[in-house]
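Enquirer: So the sequence lines, in the order shown, correspond to chains A and B. Residues 1 to 247 (the numbering used here) make up the first sequence, in order. Residues 1001 to 1327 (the numbering used here) make up the second sequence, in order.
Don't read these hints as lab results, they were simulated from the structure. Be a bit skeptical, because a hint or two may be false.
[As the list claims (entries may be wrong)] Some but not every residue of chain B turned toward chain A, in silico, with C-beta under 10 Å:
no., residue
1, P1111
2, R1198
3, V1211
4, R1212
5, P1305
Beta carbons are placed, not taken as given, at the ideal position from N, Cα and C, and that holds for glycine.
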Amino acid sequence: MTVLLEVRDIEKSFGGVQAVRGVSFDVREGEILGVIGPNGSGKSTLFNCILGQLAPDRGRVRVDGRDVTGLRPSRLNRLGVSRTFQLLQVFPQLTVRENLVLAAQEHRGTRLGRLFGAPDVGLGPEADRMLEFFRLTRLAGAMAGSLSYGQQKLLDAAMAFMSGSRLVLLDEPAGGVNLTMLADLRERLEAINRETRATFVVIEHNMEFVMALCTRLIVLAEGRIIAEGPPAEVRRDPAVIEAYLGH
Amino acid sequence: MSAGRSLLVGLALVAVLALVPVDLTDIGLPYPGLRRYGTYILTLWLVTAIAAMGVNLIVGYAGQETLAQAAFVGIGAYLTAIVTKAGVPFGVAFAASALVTFVVGVLLGFPALRVQKHYLAFVTLAFTVLCWLVFRNEQWLTGGVMGIRDIERPSFLGWPLRNHVRFYWFVLGITSILTFVLWWILRSPWGRAFTALRENPLRAESLGIDVRLYTLVAFALGCAYGGMAGSLYAPLVEFIDPSPFALGPSLLFMLMVVIGGSGTFLGPFVGAGIAVLLPEWLRAWETWYLLIYAVLVMVMMAFFPGGIVGLLSRLLARRGTATGGRP
């Protein structure tokens, strides 16, 4: 399988604290890679370095062989890389449907063309499909801010897939979601991965969720990779048990 | 409200406003029309509303701050006064005011938008002071504190606009066009992008929205609305001096948007109406009107942060709920 994301020797420090220390890994097309580790292990910093929200001190990031290190998140998104955030990041004063259209509008036509074209930039049918896929159709006209936390999490995930991104980085998608909604979310993510071959990198604390969803895991501790492999293998790794799973 | 219905309501409002200064007793209706001063106040309201629309775009939609709108109104006013007195047609002066203030907005915004919110407010505050000093001190160009007098009202397609009602109609026409342009922008994907900037720039950037570019465009467009308002202000008042373009009026533009309803389409019209009409209604109370205005702002901020339009929307929504959604 083709390597879609290459992360090489990423390092990032904040003052005297080295948050990420020479992390390297590849993500193959269609793979669901989980990134786990205890609090403060550098997962979110690594994500932010990959996604251009932080400039790494050292190292390179390549998507499809193209060096994207330090590229602004908006440019990276237009290259087919999306993300969700740890904390909810929907637009509360837009409707659910508007949130979805917004999530893909910059991928349609030219900026000037969008000013003179239809308000939904022809994304209506795609938004409807996504609403149906994430079972949000009945909420299409509701303000995103009026949705329950779990529904907003689903919308947040749906937005990441709206532009047909090939690579999606999900930062704690299961955080704060109830069990019913969690099963729903996992099922939807698996279905998208199956149907579109979209590639995911998932940071998650919910071990049950991440073990069930991901095909491979890397484990970070103190900014370094301490283990890598299939979930069942990682679960048995003594270094992982020591650093993370042992409590 | 659907786009078609919004346009119809807008056209109906324009038609009603066009009739306000007209004497209708000739056609048997008991309405004598507004007098000269009333028409002047109404025209001033429209001009002020154009500038406030610009502030609303920057503050209410794009989520930035500006204390420079009076300076941009001043740039438009001085540019129009100077070039029309030199014989340049008003149309050219108006277009130049829009273009120059847009470009100045870009030049000011490009470095200034590296900082956000209240830091941006301070940068724009400094710009206002700088402009005011130029208006006051560069006597060879601006006439200094003596200002520029006898600014002529233009003609439109050979139709002289010296008459106050004709000039009002002219300003009403331009206000309608500028309102339509802003409505179009705000209902387009650009408008959605502006809302995204205000609500969550981090998420907007991650969705491919070029936050810097859209913020700059919103800021420069807002400034251009100020410039165009200034271009109409000069021939309306026929005399300009630096005082209406100082820091105080810039703050007043911000307050208009807050009182009317920041981020609501009609908010600037309501806010500008209060700012222009309140001093007239409270004329007998002289400077007390500022105190009343200040109390009004404090009450609005404390209890109705959505401004008057936000408050009315809430009341209408509540009424709709109480009647089971029936109109």
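Enquirer: Give a verdict on every hint.
Expert: Taking the hints in turn, this is what the structure says about them:
no.	hint	in the structure
1	P1111	violated, 18 Å
2	R1198	holds, 8 Å
3	V1211	holds, 7 Å
4	R1212	holds, 9 Å
5	P1305	violated, 13 Å
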